[in-house]
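Novice: If you want the building blocks of each chain, they are given just below.
Number of protein chains: 2
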Amino acid sequence: MRILDPWSITDVEDYNRLIEVFGIEVMSEDILKQLPFLNRYFRRKIVFGHRDFQVIVKAIKNSEEYAVMSGIKPSSIYHLGSKITAEQIVYLQQLSKKARVFYAIADIEAWEDNGIPFEKSLEYAVDNVADLITLGLDLKRAYIYLQSREPRVLRWGYLFARGLTRNLLESIYGEKHLGMYMTAMVQVGDILLPQHPDFGGPKPTIVPVGVDQDPHIRLTRDLARKYSGKFKFVPPASVYHKLQWSLKGPGHKMSKRDPMSCLTLNDSPEKASIKIRNAFTGGRETAELQKKLGGKPEVCAVYQLALYHIDDDEKVRQIFEECKQGLRLCGECKHEVAELFANFLRNYQHRKKTNIERARRIIEDLVAGY
Amino acid sequence: MRILDPWSITDVEDYNRLIEVFGIEVMSEDILKQLPFLNRYFRRKIVFGHRDFQVIVKAIKNSEEYAVMSGIKPSSIYHLGSKITAEQIVYLQQLSKKARVFYAIADIEAWEDNGIPFEKSLEYAVDNVADLITLGLDLKRAYIYLQSREPRVLRWGYLFARGLTRNLLESIYGEKHLGMYMTAMVQVGDILLPQHPDFGGPKPTIVPVGVDQDPHIRLTRDLARKYSGKFKFVPPASVYHKLQWSLKGPGHKMSKRDPMSCLTLNDSPEKASIKIRNAFTGGRETAELQKKLGGKPEVCAVYQLALYHIDDDEKVRQIFEECKQGLRLCGECKHEVAELFANFLRNYQHRKKTNIERARRIIEDLVAGY
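In order, the protein sequences belong to chains L and W. When you line the first sequence up against the working numbering, it's residues 5 to 374, in that order. When you line the second sequence up against the working numbering, it's residues 5 to 374, in that order.
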């Protein structure tokens, strides 16, 4: 594979296979040029594919209502993966005044998957919602809810479960305990909730997800079609972003179980710097070799961090070019990226502070209003 | 097996096995004599076993609160099996002023098992509730609800599903689609609902069921113990009645698919008479033989109908004795029982008419109040 430009770098994983096998459509230039503006992930081809995104593009153009649907499992603080999704939510909301965000606090999933009792999820939920606000969510056009306290979603979970066989479930999710299959049903309910009669009925819905979440999307689209006679569902659209690795480099998923390789939005700037300085890079064996051959940004966790999270295109291009040309060694590069990221965190955490109380009120209202 | 008296007649099925294998306790004379009064089913040993019923007896004696929990799948009108359970509910409510009935309209089960959409259940629900009222329910001490609109039950269904394996579920319910397993979880939620904090927390609960429902009871008791640390659940108690056959006789279950063998509370008295006159009896091949040897009430669907549903002990005893002594032939016996049952229906349906509107208001409030 040839690395053509700083933005195609994440093609090292075989996303083309997903496009061929599962029918995900390529995010084409034709679609991109119709959008009012592009965020970092769209600009840099980190968002590589979609299903039915043209339906959303049309809604934007025609100033028609659409929903942006997403959620968070409140089992931990936001890591960089959660940040990517959150920024996608915010971007998709900003594309039109007619967009409304639906955000599920997936406390049922936190229970089934991690054994966290519903009431224990609430602290994480406050922190997660504070992040979403700080990242730019417009609360006036957002419906935030707890899965366990949203009866429409709970009920639809039961509705959609009818007739789903063990074979189907195992082929999508593997062999799991009952609670995990029920969680999958709740997520179907989540994704279709914006189209519930109480929210004005059928409408285009866009779900921004990491590509690993596509099985949920496929199942939901199948069920939306199955129940289209009754509910007139518009099959939910999706956009897929490529997954950021952990700081250990290619093939390593971000995991809270390995905190040193996973940056969170609550890491102190100093702690984040240390993590970044310990990250896996695309450097050569020696400084001499690196100067001669250039580095390998395509396998470098530090370059990927910059690519995903540093907004300045020129800066990222500079890092890429200098690395490829052997003009930049890993030590100084780590130092610079760590500095940039620490500065982001410092500013971000300052702003987040003021949003914690707002988030707490939102969650308290959800519990009290029940 | 010797038939000792008119009330031991239903021992023809091996209920002793259930007692031995599954640990159901025998309904002893010692317990019966502690009850303020006995209804027909208790008097006639149709209620043959229980789990923890002594907990309820104690609550009655001490004038302490307890709950009577049951429900109906609103997929058809009440047949005689539903009537038995309903009369048990009413009886257990009448035993103490401190008893409160919880009655689930199992619309989720009607959907998962029979494909009846939630909103289509409502007509049956009205009819079912009208029957329950006509059979004597005191509405002032009753909480009637729709499963699909009781968020506490919906939520608990998800709660209790955590960790339940396919092996466990298949051993209890056989291989079923996901919706049926989820229905089982809803039923666990139903049975524990009276102990929800919103209803005053832990309390003795009695569930009157046909013995075929014991797997639900066992699973619920297991889960009540599993979550006892958090909710302090009192494991629900149960009383078991022997199942009435269809009019086809021993081994035949009442089924709506075979309406001629299944009496419902909406059958016209004339229709009911015809069904009874076509029932399977314990008669001998010829009238001569019958006069000589006597009939076999222990395998007679007509005698069982009298035993379960004709309240006059002396009349039932007379039928039994005359049959055994060859003094009563099947034709005249059917005629008499049909007459008695038709009279019951005539009177019953007259009273039920006035309860239909009350029931309709109850169901409408459930839907509107949501």
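It should be emphasised that the hints constitute simulated quantities derived from the structure, not laboratory data. Owing to the predicted nature of the structure, the values given are computational and were not obtained by experimental measurement. Any given hint might turn out to be false.
For identical chains, the list gives no copy identity; a pair is met inside one copy or between any two copies.
[Unchecked claim] Below, in silico cross-link-like pairs of lysine-lysine (BS3-like), each with a Cα-Cα straight-line distance of 30 Å or less:
1. K207 to K124
2. K144 to K356
3. K124 to K236
4. K65 to K124
Novice: Taking the numbered hints from earlier one at a time, note which ones the structure violates and give those numbers from smallest to largest.
Specialist: 4
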